[in-house]
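Colleague: Between the sequences and the hints, there should be enough to build the whole structure, so can you do that?
Number of protein chains: 2
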Amino acid sequence: MNFCSACGAQVAQKIPPGDNRLRYVCDACHVIHYQNPKIVAGCIPAWEDKVLLCKRAIEPRYGYWTLPAGFMELDETSHAAAVRETLEEANAKVEILNLFAIFNLPEVSQVYMIFNSNLLDLNFSAGAESQEVSLFSEDEIPWDELAFLTIRYSLKFFFEDQKKQSYQLHTGDIIGRGANHRFLTGPKTRY
Amino acid sequence: MNFCSACGAQVAQKIPPGDNRLRYVCDACHVIHYQNPKIVAGCIPAWEDKVLLCKRAIEPRYGYWTLPAGFMELDETSHAAAVRETLEEANAKVEILNLFAIFNLPEVSQVYMIFNSNLLDLNFSAGAESQEVSLFSEDEIPWDELAFLTIRYSLKFFFEDQKKQSYQLHTGDIIGRGANHRFLTGPKTRY
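Chains H and Z supply the protein sequences, listed in that same order. Position 162, counted from 1, in the first sequence is what the working numbering calls 162; the numbers after and before it change by one each time, with no gaps. In short: position in the second sequence from 1, add 1000, done, that's the working numbering.
Since the hints were made in silico from the structure, they are not lab data. Accuracy of the hints is not assured; some may be wrong.
Stated by the list, open to error - Just the calculated beta-carbon pair ranges, DEER-fashion:
{"hint": "1", "chain 1": "Z", "residue 1": "1049", "chain 2": "H", "residue 2": "140", "range": "50 to 56 angstroms"}
{"hint": "2", "chain 1": "H", "residue 1": "140", "chain 2": "Z", "residue 2": "1034", "range": "31 to 37 angstroms"}
{"hint": "3", "chain 1": "Z", "residue 1": "1159", "chain 2": "H", "residue 2": "30", "range": "41 to 47 angstroms"}
{"hint": "4", "chain 1": "H", "residue 1": "50", "chain 2": "Z", "residue 2": "1123", "range": "51 to 57 angstroms"}
{"hint": "5", "chain 1": "Z", "residue 1": "1140", "chain 2": "H", "residue 2": "7", "range": "44 to 50 angstroms"}
{"hint": "6", "chain 1": "Z", "residue 1": "1018", "chain 2": "H", "residue 2": "132", "range": "14 to 20 angstroms"}
{"hint": "7", "chain 1": "Z", "residue 1": "1140", "chain 2": "H", "residue 2": "34", "range": "33 to 39 angstroms"}
{"hint": "8", "chain 1": "H", "residue 1": "34", "chain 2": "Z", "residue 2": "1028", "range": "20 to 26 angstroms"}
{"hint": "9", "chain 1": "H", "residue 1": "128", "chain 2": "Z", "residue 2": "1036", "range": "18 to 24 angstroms"}
Using N, Cα and C, we set each Cβ at its ideal position, and we do this for glycine too.
Modeller: The structure is reproduced here in structure tokens:
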């Protein structure tokens, strides 16, 4: 951030009075430009023992498989965002059931919210951001070609719960990337 | 938003190619300035049968009572945000237990994430944003002087669950304000 989006003057990084973090502040109109994490909302569209995945036609992770998910928009709920993303990426209609997973990704300032859902029919097809969409049972999942760690953990927990026929909320933090990442289960924070 | 924060040129509202929403777009450097909902993270600091509330010393809702909660910052997890807010607003140290409530407020583009927590000791005091902090049992809660509907529903569900000695995740959408608001339980969205 270089310029004030309100008045166009240059901004500087400083700690505002009463604050304890560096913010972008406009010296001309005194607006403080806060920046905050984003929510990525998505779902696991289930049909019998299978789930719908999308092969990405956009960067990042072009050509890798993902659950339908994307940045939540202004003026919508998290579950409406999941429904919208599923329609946009897979032309698929779902009924949202319950919140299934929440992952914090502090290193990229994102919070994932993934819902369980039922696919309402089999009239799905690749949306503009997908090359291909398809149903996969657990042993058909392309585990080595998944786009994001959040997708891998969502699917891992989903199939574990599917075996138990009991779906619980899964929460955790994903720290680091690739083979060196750590998954920290649950909110474990103590002052 | 009037000016591009990257290059300082004027922005215009338009629907970018491949998109379906109005965005602020810079005609000079072509950056699209996306805007997204914010997460408010907080907790219910419990001590025996009581919970800690803070009387606000800032607007909005100056003088009304709230749970410690505030906007999640970049680079942190949602539960770390709840711990930080509790320390800032009440100088109180908590151990976060589990995610207790998630509320969508689409009309103000916020998602609340409220955690159950245990207060670690009684050495709390008003932080800079609070006039006063105090412990309340259910029948002492100032129900008519609570700052936000999210706080009212968090406390209502907390004391209901306290009676059952079983704390579950509560999810819902809050639509409208004041006496005319509606609380829609759970994610209920179907294409």
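Colleague: State for each hint whether it applies.
Modeller: Here's how the hints hold up against the structure:
no.	hint	verdict
1	Z/1049 - H/140: 50 to 56 angstroms	holds (51 angstroms)
2	H/140 - Z/1034: 31 to 37 angstroms	holds (35 angstroms)
3	Z/1159 - H/30: 41 to 47 angstroms	holds (42 angstroms)
4	H/50 - Z/1123: 51 to 57 angstroms	holds (54 angstroms)
5	Z/1140 - H/7: 44 to 50 angstroms	holds (47 angstroms)
6	Z/1018 - H/132: 14 to 20 angstroms	holds (18 angstroms)
7	Z/1140 - H/34: 33 to 39 angstroms	holds (35 angstroms)
8	H/34 - Z/1028: 20 to 26 angstroms	holds (25 angstroms)
9	H/128 - Z/1036: 18 to 24 angstroms	holds (20 angstroms)
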